[in-house]
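S.K.: Chain by chain, the residues:
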Amino acid sequence: MNIQTLNEIKAKVQARKAGLKHEVCVCAGAGCISSGALSVLEAAKKQVKDLGLEKEIEIIPVGCMGACNQGPLVKVEPTDTVYQKVSVERTPVLVERHLQHGAIVDDMLLFSEPGKAASSKKASELAFNSKQQKIVLSGCGTINPEDIEEYIAADGYFALHKCLTQMSSEEVIGEVKHSNIRGRGGAGFPTGIKWETVYKYVSAEKYVICNGDEGDPGAFMDRSVLEGDPHRILEGMAIAGYAVGANRGFIYVRAEYPLAIKRLEIAIKQARKLGLLGSQIFNSEFNFDVEIRIGAGAFVCGEETALIASVEGKRGTPRPRPPYPAQVGVYGKPTLLNNVETFANIAPILLKDGEWFSSIGTPKSSGTKVFALAGKIANTGLIEVPLGITLREIIFDIGGGIPGGKAFKAVQTGGPSGGCIPAQHLDTKVDYESLASVGSIMGSGGMIVMDETSCMVAIARYFMEFCVDESCGKCIPCRVGTKEMHNLLSKICEGKGTLQDLALLEELAPYVKENSLCGLGASAPNPLLTTLRYFRDEYIAHIVEGRCPAGECKIAKPAASLGAH
Amino acid sequence: MPVTLNRASQIKEIPATDPRLAKVNLAIKQYQRRQDALIQILHTAQDLYGYLPLNVIQHIARELKMPPSRVYGVVTFYHFFTLKPKGEHMVVVCTGTACYVKGAQKILDQISAGFGLKVGQTTPDGKIGVEQARCIGACGLAPAVIIDNEVIAKVDATKIVDMIKTKVGAA
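These protein sequence lines are chains X and U, in that order. Oh and the first sequence: position 458 is 458 in our numbering, straight run, nothing missing. Remember, our numbering sits 1000 above the position in the second sequence when you count from 1.
Please keep in mind that the hints were generated in silico from the structure rather than gathered at the bench. Among the clues, some could well be false.
Stated by the list, open to error - In silico DSBU-like links for lysine-lysine, alpha-carbon gap of 30 Å or less:
| no. | chain 1 | residue 1 | chain 2 | residue 2 |
| --- | --- | --- | --- | --- |
| 1 | U | 1154 | X | 45 |
| 2 | X | 12 | X | 45 |
| 3 | X | 262 | X | 273 |
| 4 | U | 1165 | U | 1086 |
| 5 | U | 1167 | U | 1127 |
| 6 | X | 122 | X | 12 |
| 7 | X | 55 | X | 273 |
| 8 | X | 131 | U | 1154 |
| 9 | U | 1086 | U | 1029 |
| 10 | U | 1012 | U | 1127 |
| 11 | X | 314 | U | 1086 |
| 12 | X | 496 | X | 12 |
| 13 | X | 116 | U | 1154 |
| 14 | X | 406 | U | 1106 |
| 15 | U | 1106 | U | 1167 |
| 16 | U | 1118 | X | 491 |
| 17 | U | 1127 | X | 262 |
| 18 | X | 474 | U | 1118 |
| 19 | U | 1118 | U | 1165 |
| 20 | X | 491 | U | 1106 |
| 21 | U | 1012 | X | 262 |
| 22 | U | 1029 | X | 269 |
| 23 | X | 314 | U | 1065 |
| 24 | U | 1029 | X | 273 |
| 25 | U | 1167 | X | 85 |
| 26 | U | 1084 | U | 1065 |
| 27 | X | 554 | U | 1154 |
In this text the structure is predicted, and so the values were computed from the model without any measurement.
Turn these sequences into a full structure, and let the hints steer you where they fit.
M.R.: So this is what it looks like as structure tokens:
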């Protein structure tokens, strides 16, 4: 492989697309597939073929377009028209009216409702899209994830070529440092510094690991990127390998994501075939190959030392740090471990430069962040926004607010490690420091919206139950502490709690936070602590008045009121 | 609780004619008997058997030259692996946060009322098994249920029992 071949492939694909009357992208993300997108894809292909139009109309499956609850989604180019809820029955209408006769089908447009037209015919002008900025997701929804040539046509692997032929390892690391990008797994450690640390350790063997163990319930960003644009991750990992001096990489993916695994397998095969993975990439001295490791359902494996144990085929229990994986990682060798979304940002940073990236977002939190919007919100799905945007803009402008005329109560970020942010903090900026200041964390990107019918004590219990289940059992503060906190929360939910229980919870939570071995235990009390901080009255109502203000908990009889004599 | 001892001598060997054994062996060979590939090999074995019988665990341990206790330890650590046979038809209810907020518990309650099944249980005839998943990543379509590997989006709790009956009847 050399730059000529890369350019030829790009030119070939672009010429083919230029000759098309329409390019039709059918969303084949996991969400739309479960809404029937694959049958729509087949039906549309068949009809176009029957009409003899397959030369001028290309129909391809693409990755997640974002508006998951309106699926299956179909995008028709060049008019930037996105149709929602396209069923097999509705497909013929779409093909006939738009593809054959060029007329936009108004009542099927994205976010149109019966009797109410969509706010814009162009998808990019919709409120859902206009505040978004896509870097990580730039290929999701526009390219066929199972075709490496489409990724190359979208400037794929050009950044790798630039690094291998024009830049030294130090220069690559310098650019990443300059971009100011911070780890997208949630903790926000500066990526460039991590790379530099691994680079500085001298070892004949080093490894790069991509953490795709997206365990937070309510998060599906990494899944969408792996499914929708797998080559972007491979390219990011290869660049990282070159920068830190590693020749082997592992992608650790959850077993719950079979489609992501399948698309990665295809991508790795294609990249090897073109010589973009393997030995002497772009005729340089650099060799790099990637292997997939499938997880087996353990939340704690998202923690880096536990993940390394799991890659080695062992029980995924964490170990104390230091030494950090940058020094002693997989097989005892220096290992660079980054999240899927971090790797997805690497190729764009190197293709442009660090300066460009650092100009997006805020000075301390640069770039964009992908969020998975879910829960009691009108537009559920996947979004990518510049950091520094407010929660209000995300929930009300992009997310369309709370459905059913209900009132907003809280938004949960960061999964079981994060917290619930109430209405009075809706104008908080979304960046690492601001979210921490209101008691939550950036986390990996799950954002669950709750309305007035969601009980905050019950949600705290839900997350605690999750942590009880997922605690690996190695250290006592986490193993016993989460269990005890769960018992106390259950008591309160059932209306059997006392104010003493509440006091005990408040004593226990900081203890577990400070004394647990790894991040799981250290962050397990967060949902409890934030709900206690912002919704203490709900706890009191359960205990003293024996009622659940949200009406969610089933309290059989009024609790033995402490105030009554 | 009574403790069952699984003595190596009591575990029945896998018959050499079992076609699945050849496939397990192929996976072991592909990974060059590397101990670090244990989890990947266990995935292959569970795909073939539907669960991980003790004799398969013992076989893999022997082939990878590691103590069976270590393999057993890995199997019992990860939620995905199971030592018990699953139901012929599997209903997996997602209880991730989004599904929880949108009423996953109601779905579990309905299944419990309709089939008498709690999470992790299988009907006495072995037809239907119920599991829960900690987020399958279909949060935009919550609440979600997987019936025999097919993701069902925006499930109506009141209809889940009939839906399962139709699926199982049709299969």
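S.K.: Can you give the numbers of the hints that this structure goes against, from lowest to highest?
M.R.: 12 and 21
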